[in-house]
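Below, each chain spelled out in residue letters.
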Amino acid sequence: MNTAKRKLIVDEVRLDGRKFDDIRPMKIESGVLPNANGSSYLEQGRNKILVGVFGPREMHPKHLADPHKAVLRCRYHMAPFSVDPRRSPAPSRRDTELSMVIRNALEPAIFLERYPRASIDAYAEILEADGSTRCACIVAASVALVDAGIPMRDLVVACSAGKVDGEIVLDLDDIEDKEGTADLPVAYMPKLGKVTLLQMDGILSPEEFDRAFQLTLEGGKKIYEFQREALKTKYAKQVEKGEKGSVEQV
Amino acid sequence: MSQLFENRSFVVPGDVLAEGGLRPGENTYRLQGKIYAARVGLVEYSRGGVSVIALESNYEPRVGEIVIGTVMDVDLGGWRVDIEGSSPALLNVSDVLDEPFKPEMVLPKVFDLGDVIVARVVSVSRDGTPILSTLGSNLGKVEKGRLVRMTPSKIPRLIGKKGSMVNMILKETGCQIVIGQNGIILVSCKDSGMGDLVVRVMQKIESEAHTTGLTNRIYEFIKEIKEKEKR
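So the sequence lines, in the order shown, correspond to chains F and S. As numbered in our numbering, residues 1 to 250 make up the first sequence, in order. As numbered in our numbering, residues 1001 to 1231 make up the second sequence, in order.
Keep in mind that the hints were calculated from the coordinates and are not lab data. Please note that the accuracy of each hint is not assured.
Unchecked claim - One-sided and incomplete, this derived list gives chain F residues near chain S with beta-carbon spacing under 8 Å:
hint	residue
1	G17
2	E58
3	Y115
4	R117
5	R153
6	R228
7	Y235
As the list claims (entries may be wrong) - Subject to a maximum C-alpha distance of 25 Å in a straight line, what follows is the list of computed SDA-like cross-link-like pairs (lysine to any residue):
hint	chain 1	residue 1	chain 2	residue 2
8	F	K191	S	L1031
9	F	K221	S	F1010
10	F	K48	F	P25
11	F	K27	F	L127
12	F	K69	S	D1073
Claimed, not checked - Covered stretches of chain S (chain F as the covering partner; in silico rule of three or more C-beta atoms under 8 Å from a C-beta of chain F):
hint	stretch
13	1050–1059
14	1089–1102
15	1166–1177
Beta carbons: idealized from backbone N, C-alpha and C, even for Gly.
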């Protein structure tokens, strides 16, 4: 690593050319895995994440089943090639904790009580990691859950903010996350106005916290539009594909 | 009593569909006087109510429905059947043979592991486990045919108004079709080429279920392929 500290912000512009309140370019697709009940693929900057949702289905092992509601199980996993240098494919402590964090962020949005004894499984695979992956996973997983036809109260959006070179900025990438001084991931249900995840690394003054929190809420609204679009385009595309297919084959 | 969307517009979970007054129908829920969508789909306002026609859903069994499932376990007094819902369905001996269970009965001779069966949901227990029965005409083990899967919420589209869609397909292809409300469809044809055609028709219906004038389009589609096949 460089010993001399890089400047991450020059003339109010960040390393990748963004302003303080810009999110990274984003792309979400839903229904990408034919064998999953629901799925999504998300790109946010250099983040690339694939999520598959299975269920509600019978819980195995059975002793984990809850007779009153379905149990949501999440798996957050970084592929060995998702970071440089290569990472061990075995789930790390961090993976296990993030799986829990993602589950807790998504659970309040799902009508779990409609499927007693069942399990809903969401598997998030990080193909390429570039900071704020927990937020990106929540965004992708909530699209995949909706795509699986699981009844939900609302979508869940997530976005991070943090402090870099003394400035409060939105949607940290990998370098900003590692070399910045604070990180604040927030997940919330945009239509219901309820926060489902709030974590903070580093130190922010109360004023800075307020500013960062406001930024994540605004960032979340932008991300919400991408989620909506992803769900909508799936059906627009299907019609196109269906008509093309009828000409192509035979 | 305010409609916040146009009829049949696209909604995602969390969209506020109406405020007060209206009755929340399928795939919606009420919270603090507002009605929200709970699934992706098309919103539909009707007399005093609002509901969402789901574009994606999982099967929630209801009494009286016909389902198609796979035997996944043979128990002492019955079978456990996978109907691709949130929990496996139970099928008791007395609902198959019309006589009480006797220890000398050999259950695998009736239905064995992996058998595909057509059954009716006779009740749903309090914990959501469906109870099946194969007593009745056209129910029981499936001997041949092919299975096609479809999102359960799109099954009504396959049937059409008063069966218009499925009757048209039956007439045009001469195949037998058994529709399981759980999204599994059994197609059996004498001619395997017709079978391929029916499968493609099903796929087309699945992907275009939310569009209008579908029955006519499917009719044209079948005709078009039949013409090409003749050549």
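Results for each hint:
1. Because the closest C-beta pair between F/G17 and chain S is about 31 Å apart, greater than 8 Å, the hint is violated.
2. A least Cβ separation of about 6 Å between F/E58 and chain S falls short of the 8 Å threshold, and the interface hint therefore holds.
3. The beta carbon of F/Y115 is positioned within 8 Å of a beta carbon in chain S (closest approach about 4 Å), and the interface hint is therefore held.
4. A distance limit of 8 Å between C-beta atoms decides the matter here; for F/R117 the minimum to chain S is near 6 Å, and the interface restraint holds.
5. The restraint placing F/R153 at the interface with chain S holds, with a minimum CB-CB distance near 7 Å, inside the 8 Å limit.
6. The interface hint given for F/R228 holds, since its Cβ lies 6 Å from the closest Cβ of chain S, which is under the 8 Å cut-off.
7. A cut of 8 Å between beta carbons decides the hint on F/Y235: the least distance to chain S is about 6 Å, and the hint holds.
8. Simply put, F/K191 and S/L1031 have alpha-carbon atoms about 12 Å apart, close enough for the 25 Å limit, and the pair holds.
9. Among the hinted pairs, F/K221 with S/F1010 is consistent with the structure: their alpha-carbon atoms are about 19 Å apart, no more than 25 Å.
10. Taking the CA atoms of F/K48 and F/P25, the gap is near 12 Å; set against the 25 Å cutoff, the hint holds.
11. The hinted pair formed by F/K27 and F/L127 meets the criterion: a straight-line CA distance of about 15 Å does not exceed 25 Å.
12. A threshold of 25 Å between alpha carbons decides the hint, and for F/K69 with S/D1073 the separation of about 24 Å falls inside it, so the pair holds.
13. Note: the stretch 1050–1059 of chain S has 5 residues with beta-carbon separation from chain F under 8 Å; the three-residue rule is met and the coverage holds.
14. Proximity of the stretch 1089–1102 of chain S to chain F, defined as three or more residues with a beta carbon under 8 Å from a beta carbon of that chain, is not established by the 0 residues found.
15. Counting residues of the stretch 1166–1177 of chain S whose C-beta sits closer than 8 Å to any C-beta of chain F gives 0, which falls short of three, so the coverage hint is violated.
Hint check: violations occur at hints 1, 14, 15; the rest are consistent with the structure.
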